Amino acid sequence: MKLVAMLAAALIAVAAQAQDTIKIGVITDRVGVSKPYSEPATEGMVFGANEINKKGGVLGRRLELLVEDDQSKPDVSAALARKLIDQGAVFILSVSLSPATQQQQTVTMEAKTPQMTPMNSADYLTTQLDNPYFWQTGPLGSVQIATLLAHAKKQNLKRVALITDNSDLGQAIGKAFRGGLEKAAMQVVDEEVVPLGATSATPQMQKIRAANPDAMFVAGVVTATNVLIFKAYRELGLKFPIHASYNLSVPIYMTAAKGLVNGITFVDAYDPDKPEVKAFEATYRKETGKEPANLHGYGYDGIMLVAEAIKKAGSTDKEKIRAAMQSLTYGGVMGAKGMKYHFPEGKRTGFDPNGMVVRVYEGDRQGRVVHVGQQ
Amino acid sequence: MKSENPLALRATPLIRGAGAFIVLAGAAFFMGDYHNDVYRKLLLWVTLALGYNFLFGVCGQVAFSHFAFYGIGAYSIVIFLFQLHLPFPLAAICGIALCIAFALAVAIPSTRLEGFYLALVTLALGQLFIVVLNEGGTVTGGTGGIANYRLPEIYGLRLRGPWYTAVIALLVVATYAVLVRLDRSWFGRACRAVRDNPEAAAAMGVDVARTKVIAFTLTSVLAGIGGMVYAFVDNTVNPPIFGIENAFLLLFMVIVGGAGRHAGAVIGAVLLFLLPFWLSPLVGHHHALVFGVLVVAAILLEPRGLIGIYDRVADRYKGSPSR
Numbered sequence: 000m001k002l003v004a005m006l007a008a009a010l011i012a013v014a015a016q017a018q019d020t021i022k023i024g025v026i027t028d029r030v031g032v033s034k035p036y037s038e039p040a041t042e043g044m045v046f047g048a049n050e051i052n053k054k055g056g057v058l059g060r061r062l063e064l065l066v067e068d069d070q071s072k073p074d075v076s077a078a079l080a081r082k083l084i085d086q087g088a089v090f091i092l093s094v095s096l097s098p099a100t101q102q103q104q105t106v107t108m109e110a111k112t113p114q115m116t117p118m119n120s121a122d123y124l125t126t127q128l129d130n131p132y133f134w135q136t137g138p139l140g141s142v143q144i145a146t147l148l149a150h151a152k153k154q155n156l157k158r159v160a161l162i163t164d165n166s167d168l169g170q171a172i173g174k175a176f177r178g179g180l181e182k183a184a185m186q187v188v189d190e191e192v193v194p195l196g197a198t199s200a201t202p203q204m205q206k207i208r209a210a211n212p213d214a215m216f217v218a219g220v221v222t223a224t225n226v227l228i229f230k231a232y233r234e235l236g237l238k239f240p241i242h243a244s245y246n247l248s249v250p251i252y253m254t255a256a257k258g259l260v261n262g263i264t265f266v267d268a269y270d271p272d273k274p275e276v277k278a279f280e281a282t283y284r285k286e287t288g289k290e291p292a293n294l295h296g297y298g299y300d301g302i303m304l305v306a307e308a309i310k311k312a313g314s315t316d317k318e319k320i321r322a323a324m325q326s327l328t329y330g331g332v333m334g335a336k337g338m339k340y341h342f343p344e345g346k347r348t349g350f351d352p353n354g355m356v357v358r359v360y361e362g363d364r365q366g367r368v369v370h371v372g373q374q
Numbered sequence: 000m001k002s003e004n005p006l007a008l009r010a011t012p013l014i015r016g017a018g019a020f021i022v023l024a025g026a027a028f029f030m031g032d033y034h035n036d037v038y039r040k041l042l043l044w045v046t047l048a049l050g051y052n053f054l055f056g057v058c059g060q061v062a063f064s065h066f067a068f069y070g071i072g073a074y075s076i077v078i079f080l081f082q083l084h085l086p087f088p089l090a091a092i093c094g095i096a097l098c099i100a101f102a103l104a105v106a107i108p109s110t111r112l113e114g115f116y117l118a119l120v121t122l123a124l125g126q127l128f129i130v131v132l133n134e135g136g137t138v139t140g141g142t143g144g145i146a147n148y149r150l151p152e153i154y155g156l157r158l159r160g161p162w163y164t165a166v167i168a169l170l171v172v173a174t175y176a177v178l179v180r181l182d183r184s185w186f187g188r189a190c191r192a193v194r195d196n197p198e199a200a201a202a203m204g205v206d207v208a209r210t211k212v213i214a215f216t217l218t219s220v221l222a223g224i225g226g227m228v229y230a231f232v233d234n235t236v237n238p239p240i241f242g243i244e245n246a247f248l249l250l251f252m253v254i255v256g257g258a259g260r261h262a263g264a265v266i267g268a269v270l271l272f273l274l275p276f277w278l279s280p281l282v283g284h285h286h287a288l289v290f291g292v293l294v295v296a297a298i299l300l301e302p303r304g305l306i307g308i309y310d311r312v313a314d315r316y317k318g319s320p321s322r
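Protein chains in written order, with numbering that gives the first Met the number 0: chain Y, 0 to 374; chain X, 0 to 322.
Calculated pairs, BS3-like style, for lysine-lysine (alpha carbon to alpha carbon, straight line, at most 27 angstroms): (1) Y:Lys111 / Y:Lys317; (2) Y:Lys336 / Y:Lys311; (3) Y:Lys336 / Y:Lys310; (4) Y:Lys111 / X:Lys40; (5) X:Lys40 / Y:Lys34.
Listing some non-contacts, in silico: residues in chain Y with all C-beta distances to chain X over 12 angstroms: (6) Val188; (7) Phe239; (8) Gly288; (9) Thr315; (10) Glu318; (11) Asn353; (12) Glu361; (13) Val371.
Just so you know, the hints here were simulated from the structure itself, not pulled from any lab data.
These figures come from a predicted structure and were not determined experimentally.
Where a beta carbon is used, it is the ideal one built from N, C-alpha and C, also for glycine.
Extracted from the complex, chain Y is given alone in its bound form (with noise of 0.2 angstroms):
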């Protein structure tokens, strides 16, 4: 009898602080085409959900990330979402392909409950539904093409090349290069595209060679084909500065790239000198004993976002969070020094689009910040 009442008593317990977390969805790509990027935000998700639960939760309860795996399908995305909200989730953290966040906005939207990306850079996720639960932190699409054009400009560059994959993504960033930079009365001398599987860029970078550019724009977003590019670049013993995409910020080209890479800018939201970095750094590498990265600090701000208005609304209700997060404004570890996130006039979009920084590889070290905003 007494067993049985121990039984029941300790399932009474399981079931109080089952009842006491707050729930946050959390929906990544474990294997599919976004792997590369989800992976580390989910790592500094997971981090910073476990540096608010020692420091005591949030309003007295600890926070329980609840991550689904969409392998970046849109369908399978959405139908997650649906899970989530089904076992509790009060928010949601999407962290796969642009098109699968997309996706997942309809049933957010459907069933009212807060939504955020904190690393997606899709301008129209905020543009195509008017959904007011539903927010983005990732610097837009946009804001990092006009980042680096203004670092460009300032180096007074006249007759530029750009190169880039076949890849939709690659294409559309090229597309979007080749638009900004002749905006900006820099003739486009050649145009490149190194297709996919491919084993040399030699031929390509011998044709940029000819055309004798001030400088070479890479829109590319496949690190295999990039580092063709650089590769032939080195062989080729040219000179002139290649600027690249945000792509250049994902770590992989530290140990993918490495001898290639020396002084090519790139554009990023991440600034190894800000203190909030530097604590960061320092905290996770205590915990974890792994290397961050700027990957992990979208991650990390994002759950620190939802923490914060949750906090702020006082409530795990959905509606108070929606309300506490479109007035939040927020200081985290991505951005320019300085740079907080908010969402002025009913905006959804939180990140400054003067917060993205250019910085520059120095040996095979993505190293100091050079150039910051777009002025």
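With chain Y's structure known, arrange chain X on it following the hints.
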């Protein structure tokens, strides 16, 4: 044995179909939102697998354009309804007409091709379709696709939740009925003859080219209708859904289930669609690896497809040696 009442015989498939519809649609009313959503998408995959099985398994055409037609159906209904503001029935008819036009445009020149070359042409079509979607500007919505629309009201009713699942269940049953009926007709026999030996089929009076064109167009239109229904499942259409990797998954579904067998296509679609959902909570991100191993094992151990297991069990039960 012949029935004394021929009407009873004729009514049987109708009753079976109605029964299947009631079971498939009724199940949706006992599910929560999440399970209903997964179920809706599963039924759509079953519809696609049934159509593709007829094209690949019954008619022997290796094509990778099925998902492109699924996409043409989905995008066309949305564009016709919400950009050109056509009434719903007219938008649906225009969508079907577009699928027929595209299918004929691919199928007629492709009658000169077979096997590997048809696969290449349709592979190119599938990739070209994604490029068109991504570069389609405001018409296709570019990489973000089209969102912010809802299924229009029909006679003052807007179908949603399990009621919309019932529409998809009706589509599955109707697709199955049409394809089984066709398979058992002279056209089905002609398709199988063309698949097994086109020269012999031609010698027996089968118009090989016409048979191929009809099979390709019919299954492509069925995929297009599936796409029209899909467009209102999440009220958004975007390019990754109609990507070429899904065309390969469809091929695996038919092969794993049992090419040329309608039940095999259903088994393959159910298994391969649901496997990641089952495996992910059990083995985490290793589910992709386990999924691959299971698919390879199924193909190696059961070359006739998983339906072969059912055949063996059924043969043993009936006492006959083998099929």
